[in-house]
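Given next are the chains, with one letter for each unit.
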Amino acid sequence: DTAVSQTPKYLVTQMGNDKSIKCEQNLGHDTMYWYKQDSKKFLKIMFSYNNKELIINETVPNRFSPKSPDKAHLNLHINSLELGDSAVYFCASSQANRQNEQFFGPGTRLTVL
Amino acid sequence: AQKITQTQPGMFVQEKEAVTLDCTYDTSDPSYGLFWYKQPSSGEMIFLIYQGSYDQQNATEGRYSLNFQKARKSANLVISASQLGDSAMYFCAMREGRTSYGKLTFGQGTILTVHP
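If you read the sequences in order, they're chains A and B. With my numbering applied, the first sequence closes on residue 115, and no number is skipped along the way. With my numbering applied, the second sequence closes on residue 125, and no number is skipped along the way.
Hints are computed from structural coordinates only; laboratory data are not their basis. Each hint should be verified, as a subset may be incorrect.
As the list claims (entries may be wrong) - With a cut-off of at most 27 angstroms between alpha-carbon atoms, the simulated DSS-like pairs for lysine-lysine come out as follows:
1) A:LYS73 x A:LYS11
2) A:LYS43 x B:LYS12
3) B:LYS79 x A:LYS46
Okay, chain A solo, but in the shape it has when bound (with noise of 0.2 angstroms):
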């Protein structure tokens, strides 16, 4: 029983192509996020959505766009990727109340050549 899944878990592609990964919870939280763990495992915020409403929005290139569907799924697409998006690609969700922990998904790998 995954509670956060992310697919595809590698994703390999080259320079300029548009390429999405989907996330989806069935925690029934109300709140998921993309981070970007980088090649010096450094892990960033990129996007937060509350009940499908975006809340955060960190300093993102906007060739990376999230959508929110329904509560459950968030999906990231990139436009036009370059050598520097060559990451990986975590999606989170929590449920609003003190603790608030977030739980990861497995990550995607994303190379791009």
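Start from chain A and add chain B according to the hints.
Relative to the frame of chain A, chain B by itself:
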């Protein structure tokens, strides 16, 4: 300025010994939460423990405890009775503000290696 600092790039511990992973944070918000996550070599992020800024007692979860020193702005993770399976990267993270759906700001991580 770094909001979360983990000064130990790597740590080694003997199996069954205890180990402390350091984390200091910087915030002017009186309301915040501190988290520790484990990332094994397989890559997933596993939530370990949480400490709220208003919590009076240090958090504990099984073999994990958080040594929270508010005045010093430190939130060190203590792992007791280390096991080989504890070998992984460990991240300290902070959520600022009362908003329950705030972003997590992560430290650089500490690689822990447990020797048999």
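Structure-based check of each hint:
no., hint, in the structure
1, A:LYS73 x A:LYS11, "holds (22 angstroms)"
2, A:LYS43 x B:LYS12, "holds (17 angstroms)"
3, B:LYS79 x A:LYS46, "holds (24 angstroms)"
In terms of the numbered hints stated before, the structure departs from none.
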